[in-house]
Structure formats: structure tokens, C-alpha cells
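Enquirer: My request is simple: use the sequences and hints to build the entire structure.
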Amino acid sequence: MKWLLPLPVLLLVAASANCQTLMLNGGASSLLQGSGGRATMYLPNSTLSTSVGYHDGHFLVGASDTFLIDGFKTTVGDAMLGFSFDGVGLGLSLKGVSATRVWKEQNDCARLKPTRSGPMGYLGTCHKGTTSVTAFVGATGVGFFSPFVSTTRAQHIGSGVLLQYSVKNLVLSSLDVVEGGKHTLAQGTSYSSRSIRLAGSGGLLNSQKYFSGSAVFQPIRAWSLYTAHQSYFLPYAAKSNSVGTSLTVGRFNGSATLNESASLGRKITGENFGVGLHVGPVREQSAYYKSGQSQTILVHTITETMRHWTLTQAINQSIKGNSYSFGGGYSSNKVSFFLTRSMQFIIGRGYQQETGVGISLRIHDTGMTAQTITDQFGKTQYVAYIESYVQTGLQTGGHEARSRRGKFLLEGKCVLPDGSPVEGCAVVIDKETVYSNSRGEFSIRMKKRNAVTVSVPVTDFAAPVDWNCLECPTSTAPGEPVTIIVARR
Amino acid sequence: MKAIRLVLFLMICSYPAIGQQVSPLTNECGSKKCSGEFTITNLGLTPLVVTVIAESFTPGPGGGISRSLDLTTHVELDATSARISPMGTYSFAYRVRCDQLPCQVRFRPSIVAGKTSEGVQVRLVLGHALYICERSKNCRMNTLKTAGVIQAKAK
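Read top to bottom, the protein sequences are chains C and B. Numbers 394 to 882, taken from the numbering used here, label the letters of the first sequence in order. Numbers 3 to 157, taken from the numbering used here, label the letters of the second sequence in order.
Simulated from the structure, these hints should not be mistaken for lab results. Computed from a predicted model, the values in this text were never measured in an experiment.
No more than 20 Å apart at the CA atoms, straight line, and that leaves these computed lysine to aspartate or glutamate pairs for EDC-like:
hint : chain 1 : residue 1 : chain 2 : residue 2
1    : C       : K713      : C       : E664
2    : C       : K800      : C       : E873
3    : C       : K800      : B       : D80
4    : C       : K806      : C       : E825
5    : C       : K806      : B       : D80
6    : C       : K497      : C       : D463
7    : B       : K34       : B       : E57
8    : C       : K824      : B       : D80
9    : B       : K35       : B       : E136
10   : C       : K841      : C       : E873
11   : C       : K841      : B       : E78
12   : C       : K713      : C       : E747
13   : C       : K800      : C       : E834
14   : B       : K34       : B       : D101
15   : C       : K772      : C       : D449
16   : B       : K34       : B       : D72
17   : C       : K840      : C       : D463
18   : C       : K841      : B       : D80
19   : C       : K466      : C       : E498
20   : C       : K800      : B       : E39
21   : B       : K34       : B       : D80
22   : C       : K800      : B       : E78
23   : B       : K35       : B       : E78
24   : C       : K840      : C       : E825
25   : C       : K806      : B       : E78
26   : C       : K840      : B       : E78
27   : C       : K466      : C       : E793
28   : C       : K840      : C       : E498
29   : C       : K806      : C       : E873
30   : C       : K824      : C       : E793
31   : C       : K800      : C       : E825
32   : C       : K840      : B       : D80
33   : C       : K806      : B       : E57
Expert: Quick look at the structure:
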């Protein structure tokens, strides 16, 4: 019952908030070793969330606010961060400030010619490169992020930054994180084209030296070859290599992988081959795994999918014994449930059963989910949670915008062939859409005196007529008024 | 019968135009150089395209007489058009310089509000009037009194 205590507090906080939509969550889980509740308020310009709960014997309180400031998507409070690129993966729980932003560099689009395909008048993309940055600072520690609670138990001070720059097919990444006495400093590079992807990274990952590299070659759509390598140097040397291929031909598919690892002077090799067949609603997959000299496993899985139903049967064959499992589930918008039952051969205990049951219900704006699993040792673990959306009915304001201030004026006129003005003529100038007034005039102010692109999307004109652009300039500059001539089709 | 048709036509025209507003309606300045802004609010559930023109006007009964900008009046609008999202607002900033005082400028935001069933395009024109005098205090009132729109109090 402990987990019920925070709910009134959450409801009190949530009710006082000036929000349009409110999401309430509550739940408990022995599997996740915690319980609690969360209220999320969707405000016009931010998302506010508060959580309280118990986790691993600790009472935790969390709150976060996510909003946009100067193009930075900023989260203040509890958040779970994940950094992943080129074989590097780092996740951490934060109680602090994190922000992320993406910048797109523009080419000199004025030099580009209009594309032949696509909507008339558009130039297509002019992006040269993309830079993104994600930074955080605050307290890090053990996180309790579940469907019903989002909170961090602060233990250390940490900060970090991920910088990524992509140009054409190349992506350069750099991650620097310091938290809890551990240091991550990783650099990565990847190259992607239609048939080749190469990626590599190296540096320190949680104060461990490492190197990772991978390559994928896909000469045709149905066939691919891949290889990967990883090396760790501290606290002890370990490395792994893998090479494999996969092929899909019509209803058939096949794959093969060779793995090799070496650590502490021990070398292990593994082989895996698999074939599959897909006929109508039935999918059959057989795979052979061999590790070392003695361990071999043959797995056959049959899956039938029929509209809302999915049934699975599997047989695992090994020299130590066979194990069997079956499961089924029904899934729809309002109700879904599943049942899985498997027989595992446990050394010293013989065959043991594992049973999993889950059910989800949705009634109007409220959803309930309960899942249990009874492991081979007879212990039952559960996860149960409820979520509900509440419409507060409060009217909120919409998007606020203001005219762009700039020193340099770009102007023009939109006219018919006989010179009479056209009102509502849409003109895209440097990504900004302007419209001509009743005199056919349009203008926009720019901060720089550069030449910019001009396009005329005739489908966006205010007047509901089929327009044809007779004379449409593709670029302009401050002090050079443009004249656009359009005609009705 | 014509009157009924006219009323029906106006009702059809005004229906899609419900819920657009401009604020403030007027502004006053007390020097030859004046800057300010007005805001258009789209209270509807569809995006709107707004275009703005500036013109000089002489106050008078029935809203006065509008004309093209006087040669002595210089207007700079940061934007002359905008697309306003549903429930959104857009602020048009302007700078006006008058060589002769007093002078009056009217900004006319024009909203294409839709079309009638006969295909006639419906345009809603709102107005933001700017009064520029030597002193900003009572500038609008004094201008309207001078024009005879409102009666000056007898002493």
C-alpha cells in the first residue's frame, strides 16, 4: 500500500496546474523493485512532470520540465540520457540540466538550378552539413525510470557533451563525459553510402580503453556481408571479432555468423547458421548455434500470425536435453493479453516450467496493464501499472510569432501577364514564405546582405485557382526587386 | 427581397471570418519618428494568410478617407505578410517617420477568410490606426476633434 501514499499529493499538484492535458500514472513492480506515481502536464510551451516513489528501499522524488529555449530542447530535472554512435553506448540517469540542439548549414542555394521532379518551383534541399550538440550537467546516479515513475537517486556530480557533425556521407562524433569518478572520452567516425557502411570508434568508455569497428557491404538489396571488431584494454585485455552474411530470396531467408572472443587468455569461438521460411501467416525459423567444442543448440521456432492473434511454438535441442515453449497472444486497441509457457532443462533440477501472463485493458482514457512471470525456481514477479489522461478543458494559447527584424529589405511584386496585381501569391524567400498583398507587393527583411533563393509554390497561393508560373526568378538580393508573373491555367 | 439577399450574402461571408482580431486598434505617438506593433490573432481552427498594406488617411465621419501613403510619410514594415497558425498570434512591427505633423497612418491587415459557395473569395480587412502628433497625449482625440468627428466641449 505504500505506493498509494504519493498519489493524493500528485493529484493535488496536478489539479492546480494550468494545463490542457494531464497524464496520471501509478504502479508497482516486484520485478523493478519499486512503486510510485507520476503526473505529466502538457502545457502549451513545455511538458512538466512530477514523480514520487519507492525504489530499492529509498523514497524518491523527481520532477522535470522540458521546453524549447533559443532552439535548445532543454530538460531541467530528472532525465534519462542515452548516447550511442559507432559502437559506443552510454546511458545515465541525471538530476540536472540537459540540452540538445541541431544546426543545419546551408549551401549557396542560389547557384542551384530548380529540380525537375517534385513540386513546381521548389529547389530541393540545400543542406551542406549538420551539427548537433547535446550537453548536460548535474547529479547522476541510480535511475528509476519505469512506465509509472521517472526519478534519479543522485550519487555523483557529472557533466558531459556529445558533439556530432555530419557532411554528405560522413558523420564525426565526439563524446566527453565525467561522472562518478569515471571518464568517457570517445571519438567515432562513420561513412554510409548505398552499399557500404563503415564505422569506427575508440577512446575511453567508463575509464576503460576500447576500440570498435564494423563494416557492412550490401552489393544487392537481398544480400549483405558484415564484420565487426571490439577491443578492451583495461582492466584486462579482451577482444571479439565477428563476421557474417545474410540473404533473403523470396519466401526464404538465411544467415550465418562466426564469432570469436578472447579474454584472460581464454579463447571462445561460436558458429551460428539459420534458415527460415515464410508462407502466408506461418513463419518457420531454424537456427544452429555451436560454441566451443561441446555446446550445440538447435532451435526451431514456428510463429502464426492471424489478424489479432499471434501464436508461437519453439523447440530447443541440445545434447543436455530438449526444452519446449509455447505462447500466444491477442492484441487489439482496447484489450490485449498474452500467455507464454516454456519447459527449461535446468542442471540439477531437470525440467522446470516458466509461465508468463499479461493483460492490458483500455477503457476510454484509462489504460491498465498487469504482467506476471513465474520463473523456474517458482518465484513469481509482477509489474502492474495504470495510466489515465485527463482533459482539463482549459483553453490555451497558440503559437506566437513576430515579424523578423533586419536591416536589408527584399521586395517584389506578383502580377498577371497584363500587369494587374495578384493577391495571396506565395513566395518562398530563404525558407520563409511571404504572401503578396492587394497591390501584389511582398517584402521581407533580412539580417545579411546575401543573395538568397526564391521559389514560387503555386499550390500554396491563397486564391483557390490553378496557377502557372510564367516568370519566376530563382534568386534575389537586397535592393533588387523581383517581379513574378503568374497566370491562371 | 434584395435586402434579404444582401443580408444572407453577408451572413455567408461573415461565417468563416468569425474569430479574427487585431490589437490594439489604435496607437499614438508624440514625435516625427514612431515605432510600434500590432498583433493579429487567429481564433479559428485553420491557418490564415494575412497581408498588410499601409496607407495614409484623413479622419472623418464613417471611418475617414484612405489614400496612398503621402510623400511626406515613410513607413517600414518588418513583414507585410504572415501565415498564422490556428489559435496563434503574429505581431507586425513597424517604424513610421512623418516629415509633417500631424499625420495619420492606417495599417490594413487583410485576411483571406475563405470563399462562398458561389466561389467568391471572402476577404476580411481589419485596421490598426496610428496617430502621430507633436505630443502623444490626447493625440487621437485632438485629431478627431479637429476633423469634426467628435465635438469639442463648449467652454
